[in-house]
Amino acid sequence: MGRVRAVTSRQIGVSAQAVFEALADYAQVRPKILPAQYSGYAVREGGVGAGTVASWRLAATQRRSRDVLARVSQPAALTLVEVDENSSLRVTWTVSGQGNVALVTAEAVWSGARGIGGFFERRFAPKGMNQIHDRVLAGLAEYVGG
Numbered sequence: 001m002g003r004v005r006a007v008t009s010r011q012i013g014v015s016a017q018a019v020f021e022a023l024a025d026y027a028q029v030r031p032k033i034l035p036a037q038y039s040g041y042a043v044r045e046g047g048v049g050a051g052t053v054a055s056w057r058l059a060a061t062q063r064r065s066r067d068v069l070a071r072v073s074q075p076a077a078l079t080l081v082e083v084d085e086n087s088s089l090r091v092t093w094t095v096s097g098q099g100n101v102a103l104v105t106a107e108a109v110w111s112g113a114r115g116i117g118g119f120f121e122r123r124f125a126p127k128g129m130n131q132i133h134d135r136v137l138a139g140l141a142e143y144v145g146g
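The sequence shown: position 71 = 71 (the numbering used here), numbered continuously.
Warning: the hint list may mix true and false statements.
Unchecked claim - SDA-like mimics (lysine to any residue), calculated; alpha carbons at most 20 angstroms apart, straight line:
#, residue 1, residue 2
1, K32, L69
2, K32, Q131
3, K127, Q37
4, K127, K32
5, K127, S9
6, K127, L34
7, K127, R71
8, K127, A77
9, K127, E107
10, K32, R44
11, K32, N130
12, K127, V144
13, K127, S111
14, K127, G146
15, K32, V109
16, K127, G2
17, K127, T8
18, K127, T61
19, K32, G146
20, K127, Q17
21, K32, R57
22, K32, A18
23, K127, R10
24, K32, E142
25, K127, V109
26, K127, R64
27, K32, R10
28, K32, L58
29, K127, G145
30, K127, R44
What the hints contain is simulated information worked out from the structure, not anything from laboratory work.
Required output: the full structure, derived from the provided sequences and hints.
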């Protein structure tokens with residue numbers, strides 16, 4: 001299996017700490033910033049930052065969706081990692097910045113299929129994942145007023 005990686009970023013005109021606090025709030029903020037590709041969103045444990053467990057259905061395309069059960073950790077300041085217990089999907093959210101400008105980066109990594117299917121997945125899936133994460137970041141920017 002080949003590793004598939006999708007990375008996208010967005011600048012938000014608010015402090016990095018304020019952006020991170022909103023991003024880490026899986027109970028109140030996340031449901032408000034998620035695009036239509038997410039459905040059935042629920043917090044199962046925790047709700048803020050590390051230790052949170054949340055579930056949702058992610059529709060990558062009209063015909064392809066997956067059930068995600070994400071366990072959240074915080075390996076470093078201003079960094080959240082969501083590890084899907086149902087697949088190899090791992091999403092790392094990193095916030096950095098100075099003053100009132102934050103840069104938020106979403107990096108998704110997973111094990112792709114083999115063969116010709118894997119070739120197409122590695123070629124096209126990152127663009128689709130980035131579009132989804134771009135919408136999450138747009139929702140986050142709108143929520144925090146940036």
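How the hints compare with the structure:
1. K32 <-> L69: holds (19 angstroms)
2. K32 <-> Q131: Holds. K32 to Q131 sits at ~18 angstroms (cutoff 20 angstroms).
3. K127 <-> Q37: Answer holds: K127 to Q37 is near 14 angstroms, not above 20 angstroms.
4. K127 <-> K32: violated (23 angstroms)
5. K127 <-> S9: With Cα atoms ~13 angstroms apart, K127 and S9 stay inside 20 angstroms; holds.
6. K127 <-> L34: holds (18 angstroms)
7. K127 <-> R71: Given pair K127, R71 is violated - Cα atoms ~24 angstroms apart, limit 20 angstroms.
8. K127 <-> A77: violated (28 angstroms)
9. K127 <-> E107: The hint holds at about 12 angstroms.
10. K32 <-> R44: Judged against 20 angstroms, a Cα distance of about 17 angstroms means the pair holds.
11. K32 <-> N130: holds (19 angstroms)
12. K127 <-> V144: violated (26 angstroms)
13. K127 <-> S111: The hint holds at about 16 angstroms.
14. K127 <-> G146: Status violated; Cα separation ~24 angstroms.
15. K32 <-> V109: Judged against 20 angstroms, a Cα distance of about 24 angstroms means the pair is violated.
16. K127 <-> G2: Holds, at roughly 16 angstroms.
17. K127 <-> T8: holds (9 angstroms)
18. K127 <-> T61: This hinted pair holds, its Cα atoms lying about 11 angstroms apart.
19. K32 <-> G146: Within the cut-off at roughly 15 angstroms; holds.
20. K127 <-> Q17: violated (28 angstroms)
21. K32 <-> R57: holds (16 angstroms)
22. K32 <-> A18: Holds, at about 16 angstroms.
23. K127 <-> R10: holds (15 angstroms)
24. K32 <-> E142: holds (10 angstroms)
25. K127 <-> V109: With Cα atoms ~13 angstroms apart, K127 and V109 stay inside 20 angstroms; holds.
26. K127 <-> R64: holds (15 angstroms)
27. K32 <-> R10: holds (18 angstroms)
28. K32 <-> L58: holds (16 angstroms)
29. K127 <-> G145: violated (26 angstroms)
30. K127 <-> R44: Violated, at about 29 angstroms.
Hints 4, 7, 8, 12, 14, 15, 20, 29 and 30 from the earlier list are contradicted by this structure; the remaining hints agree with it.
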